[in-house]
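Q: Based on these hints, arrange chain L on the given structure of chain W.
Top line first, the protein sequences correspond to chains W and L. Reminder that position 93 of the first sequence reads as 99 in the working numbering, one-by-one numbering, no gaps. Reminder that position 128 of the second sequence reads as 210 in the working numbering, one-by-one numbering, no gaps.
There may be inaccurate statements among the hints.
Derived, one-sided and incomplete: chain L residues facing chain W with beta-carbon distance under 7 angstroms [claimed, not checked]:
id : residue
1  : Leu205
2  : Gly237
3  : Gly238
Facing chain L, a subset of chain W residues (Cβ under 10 angstroms, in silico) [claimed, not checked]:
id : residue
4  : Thr29
5  : Asp86
6  : Gly87
A short list of chain L residues far from chain W (calculated; beta carbon distances all over 10 angstroms) [said to hold, decoys possible]:
id : residue
7  : Pro123
8  : Gln129
9  : Glu166
10 : Val168
11 : Leu174
12 : Leu256
13 : Asp257
14 : Asp301
15 : Pro308
16 : Pro331
Keep in mind that the hints were calculated from the coordinates and are not lab data. The model shown is predicted, which means the values in this text are computed figures rather than measured ones. Glycine included, every Cβ here is placed at the ideal spot set by N, Cα and C.
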Amino acid sequence: MIWRDSVFAFALLGMYSGAFAHTPICDCYDNGDDTITCEGGFSDGASAAGIAMRVFDSSGRILLEGEMSDRSDFTFDKPDGNFRVEFEGGDGHLIQIDGRDIEE
Amino acid sequence: MKNRAPWHAPGPNRRIAVLAALLWLGGAAPAAAHFQLLYTPEAALPQSQALPLALVFSHPFNNGYTMSMGEPEAFYVVSQRGAEAVRETTDLMEYLEPVMWSGVDTSAEAFVANPPRRVTRSLGDYTFVLTPAPYYEEQEDKYIQQITKTVVNVGGLPGAWDEPLGLPVEIVPLDKPYANWVGGVFRAVVLAGGEPVPHAEIEIEYLNHEPQIDQRRFDPEARVTPPQSSFITLSIRANALGEVTIGLPKAGWWGICALDLDDGLMHNDRDLSLDAVLWVKAADMTR
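Chain W on its own, in the form it takes in the complex (with noise of 0.2 angstroms):
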């Protein structure tokens, strides 16, 4: 596999209240090409495959939609100005992450 070099921006879900049995985990990171990678998945090993990913401008406005692919990434065109990364695991497993903490 070749990799580029990048920064890792990473987040757990710790905020919200109720027993998770499999924590969601998520991180992403800049692939110096303009691109940004997310990578997911779930404490206990399970896949995030088909998990929906938004990807949100400063004002909260969604600036694209997808899901993370049967690998568990999502990859997409690194957006102007500050964003946010928001990984939808479901029943409130929802984790956020700044644009500004991907770093290339």
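A: Just chain L, lined up with the frame of chain W:
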């Protein structure tokens, strides 16, 4: 490799090792086991980072002396991002750097490696595997080769930590080697040729002198002092299913070694003891 003691060291370091050991334990005769270290500081990484590695053949508890390693036969990492993901293997031989590594009393040839962060870029499990060159143990007039695994996780997404890698001999975890609280237990299965080894002979040692990779040495300061030599190398047996359970009473790295798992292997016309080593890390429960 049963209860090899520091005075087994060949050459002039032998007397020094004996003297140091005797002084240290107030006259008792300690027994320490050879362990192949495949060390990196942290086993459970919150996020990806480049991992420094140290490959040292030593006595992890009393650090009496360090033994010279030859060029490893294989050094690679098997990664898997999620339980259902494809397993990937990355060869790491190109990152090996020969160094002189200092123990408390001796120094010997060892290796360090600094693979770039892209090697451990993704979430998931990374099982580092080392097949060192056979080591000639003069005292026993035989060779020792310890196939060693160290499992690191990035981000909390598990992968193939519980899967055999198809090695000739290996210790397969039943608990995550990187997620253990102090006071808990760790379980594993000893395999040879893919089959469990009933009643396998097991040695366990605590990594009592933290490796300081930048300085190419072990910390001269020991973390704990054993009450008696039996506590240096803990010798147990696997059960009838080849399963091993150990306690983890102290934070840090614990080495598990299953001894002499081969069936009459020879190297340079001498017996070869093919061992399997697995490193396990325990963490304190703190705020």
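Q: Can you give the numbers of the hints that this structure goes against, from lowest to highest?
A: 5, 6, 8, 9, 10
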